[in-house]
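Here are the chains, one letter per residue:
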Amino acid sequence: MTAETIYLDYAASTPVDAEVLDRMREVAESAYANPSSTHAAGRLTHALIAEAAEQVAGLLNVDPRTLVWTSGATESDNLAISGAARYRAHRGRHLVTMRTEHKAVTDVFDMLRGQGFDVTWVEPGTDGVLDPAVFEAALRDDTQFASIMYVNNETGVIQDIEALGAICRERNVLFHVDAAQAVGKLPIDLGRLPVDLMSLTGHKFYGPKGVGALYIVDRPDCHVEPILYGGGQQRRIRPGTLPTDLIAGLGKAAEVAAGRIEADLAHLRGLRDVLWNGVRDIDGILLNGSADGFPGILNVSVADIEGESLLLALEPVCVATGSACNSKSQEPSYVLRALGRTDLEAQSAIRFSTGRPTTPAEVEVAVTKYRDAVERLRAMAPGKAA
Amino acid sequence: MSGDPYSPAVRELFAAPAHAGDVDDGETAFVDDQGVRLQLSARVAGAEIAEMRFRAWGCPHLIAAAEWLCGYYEGRPLSALEDFPRAPIMENLAVPTEKTGRILVLEDTVRLLGQKFGDGS
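Protein chains in written order, with this note's numbering: chain U, 1 to 386; chain C, 387 to 507.
Derived from the structure by calculation, the hints contain no laboratory data.
We treat Cβ as the ideally placed atom computed from N, Cα and C, and that holds for glycine.
Be aware that a few hints might be false.
Unchecked claim - Between beta-carbon pairs, the in silico distance windows are: (1) C/A402 to U/M1: 20 to 26 Å; (2) U/G284 to C/A401: 19 to 25 Å; (3) U/V134 to C/E484: 34 to 40 Å; (4) C/A473 to U/W121: 45 to 51 Å.
Isolated chain C, as found in the complex:
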């Protein structure tokens, strides 16, 4: 039977993504894979992620997860980029298993962003 494919969290984050856009004076990572495109950009202050923004071309789950992720990382140490919060994303947003690939693109982009900060440090 047909149910709502989107959790309330996905609906809320998709409807009003406060972190959509770009960060000036930061690092940017871009991944084009699995039929979606994702860009993350972040600025650090000291050893802390001061600001993170996203751009996404993909399904509502990807957009909601990117929005959630930006809020999650802001205020955390730069080293947090080494630990992708896959389980909280899957659980909090009730991401269906067939969308796991989109979350892996998000993880790849976070990893790439971390590498860019590492290269620059």
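This is chain U alone, in the form it adopts within the complex:
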């Protein structure tokens, strides 16, 4: 990244925290033995992983034995959805999820549909929020599993996980939450929340890329079939040699986050106010999502502006046109289309996402660049009928 770059794409990935980096380097240099080995060096590595599990468990208020290490949220989502659906298939084959989920979720449901499962896609309101009554109405007697994300990666919309989870508990439906954008950013108490499975990833909260975890509630009727085979690690749920330095980094990131979530949120709320107040009076501006969503994400569209040109005109401000996974696609965001945006409105959407290192001055520059870009592109455009 160059000196003049203004990075406002923290929902795509965050920098590794300095304490996390120090911890990873220390562990990589000293604890290289295979944690499955029973010799002294292996036991040391095993202890470091156990320590990381304590740190992540502390962030979520769960027993560390309920955590399974993965390569990130995509794998956690795959393991949770595919694994739990197959585990409970003998009871029923109906599954429920939402239109605005991440591709790591929707693609798994599409795959399961091809394997004979019946999937109901519930629709959120135009503000992106799922009405619990709509969700409950989608459940059937043969529903065994549901998956709803905590914080939407494109819009920052926060779902009422407590209400949705309570419905699932009452109906004996396993409830998975993709919390990739929430863990380490919002206070989450799984000792209180009725959630059975939760996916998380390190690089969304200042930890390393390539490591994540899946929380699986300790209850006999909640289990997942593995999606990988080849060893007995992690109770055969997820085999493979564990990357000790990455896991230690994830643990440290969780510990750091636990101590500063409220301070981070206050910082992000201040930045969001600067951003939104700086652009809200632009003619034709549209806020995509709920006004009280996660404050680190602001997604806006603007009428009659071409999105790709807007993105280039904003440089050196680094933002996203949708989710990072979709940003090279010319297709309008399916998430924004589900919120009722037209193709053109969705196509002009820009996601600003701020983080711990973001300064008010950077956000002010982004506001100025955005206003200038919209004005310049509008001035350059022809009328709709010359």
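Once you've looked at the hints, dock chain C against the given chain U.
Here is chain C on its own, set in the frame of chain U:
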């Protein structure tokens, strides 16, 4: 792997399009197709294109190509509008194949502009 989707030429032309705007006392052609809108206007002096301007609603490649095209045609004979410089545009701006449709809109607009001058002569 992700690389820069824009060549240096596209970046330069997009950042400072000297030919954005309209021409007074000339002919204007407008095409709305393939999800983009393009307008070209030109004024001739004698048999030569004295001035050409564009307006565009589209991607950076379209805007850069329109800017390049205006500079290309200025000073050339009016008959040059019959020969659209597709190959130089694709090559000089490194236009990816998936954007070929946008360049075809540019070509259609040039052809329409040529017809307008032909109708008026």
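Hints, verified against the model:
In this structure the supplied range 20 to 26 Å holds for C/A402 paired with U/M1, their Cβ-Cβ distance being about 24 Å. For U/G284 and C/A401, the hinted distance range of 19 to 25 Å is satisfied, since their beta carbons lie about 24 Å from each other. Evaluation of the 34 to 40 Å hint for U/V134 and C/E484 yields a pass: the beta carbon distance comes to about 38 Å. The given range of 45 to 51 Å is respected by C/A473 and U/W121, whose C-beta atoms sit roughly 47 Å from each other.
Comparing the model with each numbered hint stated earlier shows that all of them hold.
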